[in-house]
Amino acid sequence: MDPINRVLGSLPAELIVTDPDVVARYLTDFRHFRTGAARAVLRPRSTAEVQAIVALCAEHRVPLVPQGGNTSYCAAATPSTDGGELVLSLERLNAVRAIDAANLSLTAEAGCVLSVLQDAADDAGLMLPLDLGSRQSCQLGGALSTNAGGISVLKYGMARDLVLGLEAVLPDGQLLNVLQPLRKNNTGYDVKQVLLGAEGTLGIITAASLKLARKPAQTVTAFLAIDDIAALTTLLARAQTLTGENITSFEYVSHHSLSLLLAAQPGLRHPLETAGPHYVLMEAQSCSPLLGLEEAMAAFLEEAMGEGWVSDGTLANGGQQRDQLWYLREHIPEAEVANGGSLKHDVSVPTSALPAFITRASALVEEQGAGGRLSIYGHVGDGNVHFNVVAPLGAEPAVYKPWFEREVSPRLYDLAVAMGGSFGAEYGIGTVKLDLLDRYGDKAKLSVMRALKAALDPANLMNPGKVVRN
Amino acid sequence: MKILVPVKRVVDYNVKIRVKADGSGVELTNIKMSMNPFDEIAVEEALRLKEAGKATEVVAVSIGPVKTDETIRTALAMGADRGIWVKTEEAGIEPLTVAKLLKAIVASEGPSLVILGKQAIDDDCNQTGQMLAALLGWPQATFASKVVVGDGTVDVTREIDGGLQTLRLALPAVLTTDLRLNEPRYASLPNIMKAKKKPIEEKSAAELGVDLAPRLEILATTEPAGRTGGIKVASAAELVGHLKQAGVL
Chain A
1 MDPINRVLGS LPAELIVTDP DVVARYLTDF RHFRTGAARA VLRPRSTAEV QAIVALCAEH
61 RVPLVPQGGN TSYCAAATPS TDGGELVLSL ERLNAVRAID AANLSLTAEA GCVLSVLQDA
121 ADDAGLMLPL DLGSRQSCQL GGALSTNAGG ISVLKYGMAR DLVLGLEAVL PDGQLLNVLQ
181 PLRKNNTGYD VKQVLLGAEG TLGIITAASL KLARKPAQTV TAFLAIDDIA ALTTLLARAQ
241 TLTGENITSF EYVSHHSLSL LLAAQPGLRH PLETAGPHYV LMEAQSCSPL LGLEEAMAAF
301 LEEAMGEGWV SDGTLANGGQ QRDQLWYLRE HIPEAEVANG GSLKHDVSVP TSALPAFITR
361 ASALVEEQGA GGRLSIYGHV GDGNVHFNVV APLGAEPAVY KPWFEREVSP RLYDLAVAMG
421 GSFGAEYGIG TVKLDLLDRY GDKAKLSVMR ALKAALDPAN LMNPGKVVRN
Chain B
1 MKILVPVKRV VDYNVKIRVK ADGSGVELTN IKMSMNPFDE IAVEEALRLK EAGKATEVVA
61 VSIGPVKTDE TIRTALAMGA DRGIWVKTEE AGIEPLTVAK LLKAIVASEG PSLVILGKQA
121 IDDDCNQTGQ MLAALLGWPQ ATFASKVVVG DGTVDVTREI DGGLQTLRLA LPAVLTTDLR
181 LNEPRYASLP NIMKAKKKPI EEKSAAELGV DLAPRLEILA TTEPAGRTGG IKVASAAELV
241 GHLKQAGVL
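So the protein sequences, as listed, match chains A and B.
Counting in full-length UniProt numbering, the first sequence runs from 1 upward without gaps.
Counting in full-length UniProt numbering, the second sequence runs from 1 upward without gaps.
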């Protein structure tokens with residue numbers, strides 16, 4: 001009997017899915033980069049069942065590919081094509097175990113869909129500040145395993161910054177239980193940090209305790225047009241100062257991105273009377289009903305108009321207009337898909353260098369005569385820009401994108417790195433960015449990564465081939 | 001022609017409504033409030049009529065306690081010319097009382113059109129416009145999806161079962177807006193700033209000669225029952241059995 005059959009034969013039938021039509025859902029990544037093969041998907045219902053599966057797979061040397069909502073942008077949860085791996089879906093570990101309102105913490109299992117956790121926090125009168133575009137499908141385990149970013153990083157930090165405690169099954173089947181929702185716990189190495197952002201290569205996250213925040217009593221949302229991109233940094237600094245560090249999102253949207261969206265979805269309208277080359281969608285929130293957030297924003301906007309940093313803008317009247325403005329920001333990727341998809345460069349630079357990076361990278365694309373349609377948007381406060389390129393009209397995206405990736409992308413990454421930045425801001429490595437990691441990763445850091453992998457997963461059974469080369 | 005647009009301050013459309021612990025009503029403390037979305041449509045329509053040269057002035061009026069002026073300011077930022085605030089102690093004035101207050105304001109302002117939202121998203125009453133028309137003895141067209149102002153008349157298209165109905169009303173008249181009438185504009189920053197200088201006149205119910213005492217008594221406010229879990233059945237026959245048991249077959 002082959003090892004996979006031994007594993008499958010030792011597990012309760014109700015944990016195993018082998019129907020090829022169902023299994024197929026788990027084999028192709030969200031962006032259709034890779035389609036892998038697997039004889040079965042395992043769907044445990046509890047941490048104990050995850051432990052049993054991991055122990056069995058360790059015994060029979062069967063590699064596992066953990067998967068949550070399958071929304072990776074780097075094919076980090078897709079099995080290899082050789083069919084030698086099993087997919088481990090965490091989707092049935094979906095209980096909210098505890099909410100401690102006074103401790104501002106929530107403990108939940110890895111398979112919880114992010115929006116479900118946001119709702120659970122909301123029901124408790126609090127807020128889970130982790131928020132990203134895929135909130136309706138991504139799951140907690142995946143979000144933590146990629147150390148997801150998103151739209152509230154400016155005030156609340158990356159996923160890692162929100163984790164107080166963690167429960168995980170280690171590659172040898174041991175249960176790592178450091179789930180206590182503690183803000184201070186200096187007791188040796190902070191082992192949970194190693195699993196956060198590890199993309200499932202060092203063990204399988206089964207539950208986590210997360211920080212909650214107080215629910216905003218006030219929200220002010222503005223959409224602004226900006227003539228000179230260099231004003232972005234000043235604008236953010238002034239907004240943060242005048243609102244008392246209450247800016248929760250400060251999102252950059254290029255005119256090209258907005259135009260792509262408005263063309264792709266004709267029912268939408270431009271929120272401003274006059275178009276600008278650049279836009280910012282910004283939001284300020286405060287849990288205090290008393291602080292004059294609207295007055296602070298009004299003073300900020302008056303200054304910004306007076307100084308000429310902002311040429312036009314609007315404030316959302318209420319929830320409906322707020323939703324409409326956020327819709328524009330969050331549906332740019334759909335507009336890219338409608339135009340044959342984009343080649344994405346998820347780069348970060350120091351926040352101070354972001355406007356210069358956008359300007360220089362755009363000029364670089366022009367110099368190369370690449371002719372693509374640039375769809376640039378991102379999180380200004382995080383120094384993270386999605387510098388995406390859509391094939392020019394008339395060009396075949398399937399030909400254009402690989403050409404661009406070969407000829408132009410390396411120069412964009414070189415530029416980001418030369419400006420003190422990173423080739424990978426929030427999407428992770430998966431399989432698709434291994435080459436970039438080889439090229440730009442610090443040599444000592446890469447050797448520590450290999451040492452960690454060898455120490456924790458010597459048989460290379462945890463999501464092999466992702467993040468660290470086989 | 002002057003247009004009067006009543007605007008109501010309601011719990012923001014994005015807020016998840018919660019019933020107060022004692023069941024006496026809906027939780028309003030520290031909750032984000034905004035203009036009733038149907039009233040935004042009413043403001044937008046009035047502004048379009050003004051921009052088309054059919055109206056000369058748009059006056060926004062709201063009735064409510066402190067901070068209600070913020071909602072009027074929203075209408076002014078969209079482009080209304082001035083505001084009237086009937087200041088009350090409490091929120092949630094009943095539709096008939098609101099209609100009486102508006103009647104008194106119509107008497108002093110003399111508008112040719114009053115455009116209201118067809119209903120407010122908080123209590124969903126859908127009464128104020130109709131009551132106001134009756135009190136004034138004016139013609140009314142509710143649920144307007146298209147408005148064309150003629151010479152002393154207004155043609156209003158309404159979406160009804162099986163098609164569209166178009167009414168011609170003699171002015172002055174009362175209209176209420178349906179969702180499809182228009183898409184309200186975003187207020188531009190320059191207009192938001194200008195709106196701060198536009199006048200809002202404060203009035204009291206007493207000077208308008210209206211008694212605010214409620215006529216309706218709220219017995220209880222309860223949350224809708226939660227959904228109960230579903231079950232899986234093994235066969236069509238079993239499904240039919242369950243449906244029969246539930247009395248739906």
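One or more of the hints may lead you astray.
Stated by the list, open to error - Computed, partial: chain A to chain B, Cβ under 8 angstroms:
1) L182
2) N185
3) T187
4) G188
5) Q218
6) E273
7) A275
8) P289
9) L301
10) E303
11) E307
12) G313
13) T314
14) L315
15) G318
16) Q321
What the hints contain is simulated information worked out from the structure, not anything from laboratory work.
Don't be surprised by glycine CBs; every beta carbon is placed ideally from N, CA and C.
Going through the hints against the structure:
1. A distance limit of 8 angstroms between C-beta atoms decides the matter here; for L182 (chain A) the minimum to chain B is near 29 angstroms, and the interface restraint is violated.
2. Because the beta carbon of N185 (chain A) sits about 33 angstroms from the nearest beta carbon in chain B, more than 8 angstroms, this interface hint is broken.
3. Interface restraint check for T187 (chain A): the shortest CB-CB distance to chain B comes to about 39 angstroms, outside 8 angstroms, so the restraint is violated.
4. Hint on G188 (chain A) is violated. Least Cβ distance to chain B is approximately 42 angstroms, over the 8 angstroms limit.
5. Taken as an interface hint, Q218 (chain A) checks out: its beta carbon lies about 7 angstroms from the nearest beta carbon of chain B, inside 8 angstroms.
6. The restraint placing E273 (chain A) at the interface with chain B holds, with a minimum CB-CB distance near 6 angstroms, inside the 8 angstroms limit.
7. For A275 (chain A), the interface hint is violated, since its Cβ never comes within 8 angstroms of a Cβ in chain B; the closest pair sits about 13 angstroms apart.
8. Hint on P289 (chain A) holds. Least Cβ distance to chain B is approximately 4 angstroms, under the 8 angstroms limit.
9. For L301 (chain A), the suggested interface contact is upheld, since its CB lies about 6 angstroms from the closest CB of chain B, less than 8 angstroms.
10. Restraint check, E303 (chain A) versus chain B: the minimum CB separation of about 11 angstroms is more than 8 angstroms; hint violated.
11. The beta carbon of E307 (chain A) comes no nearer than 13 angstroms to any beta carbon in chain B, farther than 8 angstroms, and the hint placing it at the interface is violated.
12. Interface hint status for G313 (chain A): upheld, as the beta-carbon distance to the closest one in chain B is roughly 4 angstroms, under 8 angstroms.
13. Among the interface hints, the one on T314 (chain A) holds; its C-beta lies about 4 angstroms from the nearest C-beta in chain B, closer than the 8 angstroms criterion.
14. Contact between L315 (chain A) and chain B, as hinted, is supported at the beta carbon level, the nearest pair being about 6 angstroms apart and thus within 8 angstroms.
15. Because the beta carbon of G318 (chain A) sits about 3 angstroms from the nearest beta carbon in chain B, less than 8 angstroms, this interface hint is met.
16. Using the Cβ-Cβ criterion of 8 angstroms, the hint placing Q321 (chain A) at the interface with chain B is satisfied: the shortest such distance is roughly 6 angstroms.
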